[in-house]
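**Q** Given next are the chains, with one letter for each unit.
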Amino acid sequence: GENVEQHPSTLSVQEGDSAVIKCTYSDSASNYFPWYKQELGKGPQLIIDIRSNVGEKKDQRIAVTLNKTAKHFSLHITETQPEDSAVYFCAARSRNTGKLIFGQGTTLQVKP
Amino acid sequence: GAGVSQSPRYKVAKRGQDVALRCDPISGHVSLFWYQQALGQGPEFLTYFQNEAQLDKSGLPSDRFFAERPEGSVSTLKIQRTQQEDSAVYLCASSRAGGLYGGELFFGEGSRLTVL
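Chains as they are written, first to last, in my numbering: chain A, 1 to 112; chain B, 1001 to 1116.
It is worth saying that the hints were derived from the structure and are not from the lab.
Keep in mind that a hint or two might mislead.
[To be verified] No more than 25 Å apart at the CA atoms, straight line, and that leaves these computed lysine-lysine pairs for PhoX-like:
no.: 1; chain 1: A; residue 1: K42; chain 2: A; residue 2: K22
no.: 2; chain 1: A; residue 1: K42; chain 2: B; residue 2: K1078
no.: 3; chain 1: A; residue 1: K99; chain 2: B; residue 2: K1078
no.: 4; chain 1: A; residue 1: K71; chain 2: A; residue 2: K22
no.: 5; chain 1: A; residue 1: K58; chain 2: A; residue 2: K37
no.: 6; chain 1: A; residue 1: K111; chain 2: A; residue 2: K22
no.: 7; chain 1: A; residue 1: K99; chain 2: A; residue 2: K37
no.: 8; chain 1: A; residue 1: K99; chain 2: A; residue 2: K42
no.: 9; chain 1: B; residue 1: K1078; chain 2: B; residue 2: K1011
no.: 10; chain 1: A; residue 1: K99; chain 2: B; residue 2: K1014
no.: 11; chain 1: B; residue 1: K1011; chain 2: A; residue 2: K42
[Stated by the list, open to error] Going by beta-carbon spacing under 8 Å, a handful of chain A positions derived as facing chain B:
no.: 12; residue: G43
no.: 13; residue: K58
no.: 14; residue: F89
no.: 15; residue: L100
From a predicted model like this one, the values you see are computed outputs, not experimental measurements.
By construction, the Cβ of each residue, glycine as well, lies at the ideal position given by its N, Cα and C atoms.
Chain A extracted, bound-state conformation (with noise of 0.2 Å):
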């Protein structure tokens, strides 16, 4: 079945840097793949998604990047804030299953 890797599992960084998480993975029918932000106590929520027909996808601070051959995808946060601060995961769903498969999570804390 599919199975989601997601690196590195805590990142800290400075105000004002970039930050990258990175996910691999292994069905070759997956086709969406969605980034989630999930703050304490609340449920998880989407900030960014590409799809498999497109290799780079950028919303203001935010940007995902795809590599269709080599089954990775990342998120990239530039100009990082305090509020960033938070636990990040990705999915991929594959077209076969319809199921979508979360990595294991970062935590991302930004320093002020």
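With chain A fixed as given, assemble chain B onto it according to the hints.
**A** Leaving out everything else, chain B in the frame of chain A:
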């Protein structure tokens, strides 16, 4: 409602008790998903409904877990004879579209179950 609503937010159960967790999805959303999130882990798929039909229950960990969505809106996840390993946050999500391309998932805040 404006978002996915789950209740109770917190539930403490003694081992062996039955529990029921409720999910009220966004009005009109066709698809509904249940996920289990253990502490420090990513959500893991449990089951999926399209309207009232349970199309995938492959993630339910045992026959003690049962989910229903009888009228295609509110869903209930029931856990019978709870065990300590059932302790987790149970997340419900809904999406507007049906089928394998369900589109963006909107998550509720979860129900945290603690089994003593």
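**Q** None of the hints should be skipped; say for each whether it holds.
**A** Here's how the hints hold up against the structure:
Restraint check: the Cα-Cα separation between K42 (chain A) and K22 (chain A) comes to about 23 Å, which is no more than 25 Å; the hinted pair holds. With a CA separation close to 22 Å, the supplied pair K42 (chain A) and K1078 (chain B) stays within the 25 Å bound. Restraint check for K99 (chain A) and K1078 (chain B): satisfied, since their Cα atoms lie roughly 21 Å apart, inside the 25 Å limit. In summary, the hint linking K71 (chain A) to K22 (chain A) is supported, as the alpha carbons are separated by about 11 Å, within the 25 Å threshold.
Restraint check: the Cα-Cα separation between K58 (chain A) and K37 (chain A) comes to about 16 Å, which is no more than 25 Å; the hinted pair holds. The hinted pair formed by K111 (chain A) and K22 (chain A) meets the criterion: a straight-line CA distance of about 21 Å does not exceed 25 Å. Our distance criterion of 25 Å between C-alpha atoms is met by K99 (chain A) and K37 (chain A), whose separation comes to about 19 Å. Only pairs whose Cα atoms come within 25 Å are accepted, and K99 (chain A) paired with K42 (chain A) is accepted, the gap being roughly 22 Å.
At roughly 13 Å between alpha-carbon atoms, K1078 (chain B) and K1011 (chain B) fall within 25 Å of each other, so this suggested pair holds. A C-alpha spacing of about 32 Å is found between K99 (chain A) and K1014 (chain B), which places the hinted pair above 25 Å, so the restraint is violated. With a CA separation close to 16 Å, the supplied pair K1011 (chain B) and K42 (chain A) stays within the 25 Å bound. Because the closest C-beta pair between G43 (chain A) and chain B is about 3 Å apart, less than 8 Å, the hint holds.
Taking 8 Å as the C-beta contact cut-off toward chain B, the hint placing K58 (chain A) at the interface is violated, the least distance being around 18 Å. A hinted interface residue such as F89 (chain A) counts as satisfied when its beta carbon comes closer than 8 Å to some beta carbon of chain B; here the least separation is about 5 Å, so the hint holds. At its closest, the beta carbon of L100 (chain A) sits 7 Å from a beta carbon of chain B; the interface hint therefore holds under the 8 Å criterion.
The structure is inconsistent with the numbered hints 10 and 13, although it conforms to all the rest.
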